[in-house]
Each structure stands twice: as C-alpha cells, then as structure tokens.
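As numbered in the numbering used here, residues 6 to 500 make up the sequence shown, in order.
What the hints contain is simulated information worked out from the structure, not anything from laboratory work.
From a predicted model like this one, the values you see are computed outputs, not experimental measurements.
Check before you lean on any hint, since a few could be wrong.
As the list claims (entries may be wrong) - Listed next, the in silico BS3-like pairs over lysine-lysine satisfying Cα-Cα at most 25 Å (straight line): (1) 109 x 231; (2) 198 x 231; (3) 198 x 172; (4) 172 x 109.
To be verified - Now the in silico label distances, taken between C-beta atoms and shown as ranges: (5) 372 x 33: 47 to 55 Å; (6) 112 x 31: 40 to 48 Å; (7) 328 x 409: 40 to 48 Å; (8) 350 x 27: 34 to 42 Å; (9) 113 x 258: 48 to 56 Å; (10) 270 x 27: 34 to 42 Å; (11) 283 x 411: 53 to 61 Å; (12) 116 x 409: 30 to 38 Å; (13) 101 x 401: 43 to 51 Å; (14) 283 x 377: 41 to 49 Å; (15) 270 x 113: 22 to 30 Å; (16) 33 x 112: 17 to 25 Å; (17) 481 x 412: 30 to 38 Å; (18) 326 x 205: 23 to 31 Å.
For glycine and all other residues, C-beta sits at the position ideal for the given N, C-alpha and C.
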Amino acid sequence: MKMPAPDDGVVRRRAEIVGALGQIVPGEGVIATEAERRAYESDGLTAYRQLPMVVVLPSRVDQVAAVLRYCQKHGIKVVPRGAGTSLSGGALPLADGVLLGMAKFNRILDIDYDNRCVIAQPGVTNLAITQAVDATGFYYAPDPSSQIACTIGGNVAENSVGVHCLKYGVTTNNILGIEMVLMDGEVVRLGGKHLDAGGYDLVGVLTGSEGLLGVVTEVTVRILPKPTTARALLIGFATTEDAGRGVAAVIAAGIVPGGMEMMDRPAIHAAEAFVNAGYPLDVEALLIVELDGPPAEVEDLIDRVEAIARDHHATEIRLSRDEAERLAFWSGRKAAFPAVGRISPDYYCMDGTIPRARLAEVLTRIRDLSDRHGLAVANVFHAGDGNLHPLVLYDANRPGEVERAEALGADILRLCVEVGGVLTGEHGVGVEKRDLMGTMFDESDLAHQQRLKCAFDPDGLLNPGKVFPQLHHCAELGRLHVHAGRLSFPDLPRF
6 MKMPAPDDGV VRRRAEIVGA LGQIVPGEGV IATEAERRAY ESDGLTAYRQ LPMVVVLPSR
66 VDQVAAVLRY CQKHGIKVVP RGAGTSLSGG ALPLADGVLL GMAKFNRILD IDYDNRCVIA
126 QPGVTNLAIT QAVDATGFYY APDPSSQIAC TIGGNVAENS VGVHCLKYGV TTNNILGIEM
186 VLMDGEVVRL GGKHLDAGGY DLVGVLTGSE GLLGVVTEVT VRILPKPTTA RALLIGFATT
246 EDAGRGVAAV IAAGIVPGGM EMMDRPAIHA AEAFVNAGYP LDVEALLIVE LDGPPAEVED
306 LIDRVEAIAR DHHATEIRLS RDEAERLAFW SGRKAAFPAV GRISPDYYCM DGTIPRARLA
366 EVLTRIRDLS DRHGLAVANV FHAGDGNLHP LVLYDANRPG EVERAEALGA DILRLCVEVG
426 GVLTGEHGVG VEKRDLMGTM FDESDLAHQQ RLKCAFDPDG LLNPGKVFPQ LHHCAELGRL
486 HVHAGRLSFP DLPRF
C-alpha cells in the first residue's frame, strides 16, 4: 500500500529545523537523510523502532545549550542518546523530535589521584575509565556486562550496575559530580570532586533519571584502588532452588562478596559454548562468588562460603588458581547475553529486582510462567543484590511470539513487585516498563515524580513518552522550579 505523502507544512517545518540546527552544529553535525537516520532508529530494545525527525551530533557544551534553547523556543521534543545500548527503549527516537547524540563527547578530561576521581565526558565508555587508571592500580567499580560499549553518560541515565555492585555500589554510589544542560540552555554543575555536596542530593536525582531532566555533558566519578587479593569460586548446584537458598545464606551470614552472580542451565551451556570458560555442564545452576581484600581475610571467607555451599547441596566447588582463571570464570558471565543469541533467534532481556530471600521461590515461579506462556527462559542475574535478568527466548518470525514474549516479560515483572521487589534494577523504565508503573505506584506517587520533572523541564520536551504511563501538564500538578542547581517550591505554603 502506498503511504500518503507528508504534508507540505510538515516538510517545510522539518527543513527549517534541519537548517537551524546546521547553523548551530555546522559541518557533519546534522544527520538528515533517511538512510543515515536509520542507524538511530532504535536502541538495544530492537523490538521498537522509529526514525527520528533529525539527528544532531554536537561536540561542545555551548552547542548542546544552543540546541536545547532552540528546541524549547520552538516547542520541539528532544531525545538524548549515548551509545544506544539501553535495553528499555530509553533512547527510542520520536518521529517529530530531535535525537541529540552525545557520541562526540568522548574525552577523559582529568585524572586526579589525590582526590581519587576521574572527570570524563558522557561519551567515554565505562571500560575506558578503568583502562585509563589501571596501570597505577586503580579502577572504576561499576562494570555492566556491556562496559566495552556503554558510556558513562548512559550509565548515569540508567543508574547502571555490574557484577561488582554488591560490595562497591551502583552508579549513584560512585558519582561525585555532574555537569548538565537544562532544557532552557542553562549549564548547571552539581557536586564536584568532594564526597558530599550540601543541599538537595541533585546528583542522586539526576542519576537514573533516564534523560527526562537534562543532558549530561560531564561526569566526575570516584576511582578505587584494586584489592590486594581477589579469588573466585565456581559453585555448581543440582537445582536452581538450592542455588537461590545458597545465595540468601551467604548474605545472611554477613559475608559481602565482591560479586555474586548466578546462571541457570540454558545460560551456562550457551556461555560455555561461546567462550569456553570451563563451566561444568552437568549442573542446573552455577554461582560465581568473588571474594576480595587482604589475603588472610579472603582465605577465611573462601572457607566460610565453601561450607555454606556444601550445606546447600553444592555438587561442585572450584576455586580460581590464578588471575587468568578468575578472569575466565567471569568471561562467561560477561558474555552470557550475546551467548544466548546462539541458542535462540531472538531474546527479550528482562530486568527486575527482588528481595534475596525470595530468590528460590521466584525462580520456581518463573519456570511456571515459562511453561504457561510456552516460551523458554534463560536466567542470568546479579544474585547478590537480587537483580534478575531473565532472557525470554522467542522467534520474531513466528506469528504471535513477540506478543507472547512481552506478556511473559510483563508477568515476570509483576511477580517481582508482588514479592516486594521493583520493576527495574538498572535497565530503566523507558517505554518497555512504562505501562507497568501502576503496579508499583499509585496516581499520587506518579504525580509527585512528574512534579520533579516539571521543575527541570516545564514544557515536557525532554524524552517525552518515557517512564510515565500518562503525562499531566505541569500547571495541573503544581510547579517546582530549578535554577543553578537549586530547587524552590513557590506553589507550596511557607512555614
């Protein structure tokens, strides 16, 4: 069927916007042809696709500010984008919006060992920060599986975690300062090289805000000295329930591993075939437990974890003999997501968080949901902090399987909330979980969250259509205001 031709007025308006952005970001800074825009039509959640109206690629803060000022003046929506590795549709473009790509902000600006921090532009990859300080014995702790590609700006937007988040915290625990541009073009600096900033915790507000409040142009992260000793245990179990109970028992014993990850049989086999990490193939669940610190402490913790594992019917326990084997243990877990692509034409990567004590129960119920929907699930997750990543396996070429995969995913997320967990641990809400927000929050909760967005973006132009199932005009909610990093409450009574 022939598609209707675009309205002449729409064509003229788009041409005007492209021309104006070209004046702000000259040269190759504006991408307008359909073929070139196609590269930006989705993020990591490829089930959803939309061509952006235009893509702009600034390289300086003043250009970002000018783009946002122009868009606010003319009522144009803006979607910020980092590396496009988001798995929740957080960077999904809009047909009538500008996609603001931050890939050219890719420099490390300062390495300050005295204050143990690094200042980086948002397009610097997560792994590049660790590589920049590795030779001097430091590293950046949050390490998502996509760390070779995901950017620090995207990590801030989604509050990303990683295999070592259990002991060393998620992104928000490792960010000291942010420079950002508000929708009106004002450049705001929050925090700095110091550990605690006075006043409202606006750095905490911005971390995990999914591009709804401003565009990050600089990030100050804290770096840590490498542990003197790190050893990893590979522990196999005959049932996922035993593995789940083992995880809860380790935490209950007061042990805080550097990392504690879990995979079930389908994920184990896929990862082993992909990277040959040396995983046992005759187990139903596999735990990787890393213990780090002074040598004497590590040796004691190894003995304690081994004893807990045996008490929970572990069928195999293997301790890394050297650094190469420790890294090999982790290589399979880090490659688990792409590895699962070898056993299924498509997969839907979920992200929810539950109380650790409910882990065994939730794994059993996920298996029941898998049977009910007729789709297999491979489980890979940060067991130590209860952040699940069930991978729903399906074939998009089979009629109805995409819809069944989405329905199964939604049921898994509802289960997470039911047992006292939350909808997301690190992937964000985006468009994927937007319509499930009502399972966690009532209308009053959502209204309060939207009031905060109104303080930063009163016209609702930054990344609209994400996170909130229904948007309200700011005038309906009562306004907060933000200026130079300070919030005020003009519509609220003074005491």
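Hint check results:
1. 109 x 231: Not satisfied, since the Cα-Cα distance of roughly 30 Å exceeds 25 Å.
2. 198 x 231: Cα-Cα ~20 Å, so holds.
3. 198 x 172: Holds: residue 198 and residue 172 sit about 22 Å apart, inside 25 Å.
4. 172 x 109: This hinted pair is violated, its Cα atoms lying about 33 Å apart.
5. 372 x 33: 47 to 55 Å: holds (51 Å)
6. 112 x 31: 40 to 48 Å: violated (20 Å)
7. 328 x 409: 40 to 48 Å: holds (44 Å)
8. 350 x 27: 34 to 42 Å: holds (41 Å)
9. 113 x 258: 48 to 56 Å: Between residue 113 and residue 258, where Cβ atoms are some 40 Å apart, the hint is violated.
10. 270 x 27: 34 to 42 Å: Taking Cβ atoms as reference, residue 270 and residue 27 lie about 54 Å apart, which means the hint is violated.
11. 283 x 411: 53 to 61 Å: violated (36 Å)
12. 116 x 409: 30 to 38 Å: violated (49 Å)
13. 101 x 401: 43 to 51 Å: violated (27 Å)
14. 283 x 377: 41 to 49 Å: violated (35 Å)
15. 270 x 113: 22 to 30 Å: At 41 Å between Cβs, range violated.
16. 33 x 112: 17 to 25 Å: holds (18 Å)
17. 481 x 412: 30 to 38 Å: For residue 412 against residue 481, whose Cβ atoms are near 33 Å apart, the range 30 to 38 Å holds.
18. 326 x 205: 23 to 31 Å: At 49 Å between Cβs, range violated.
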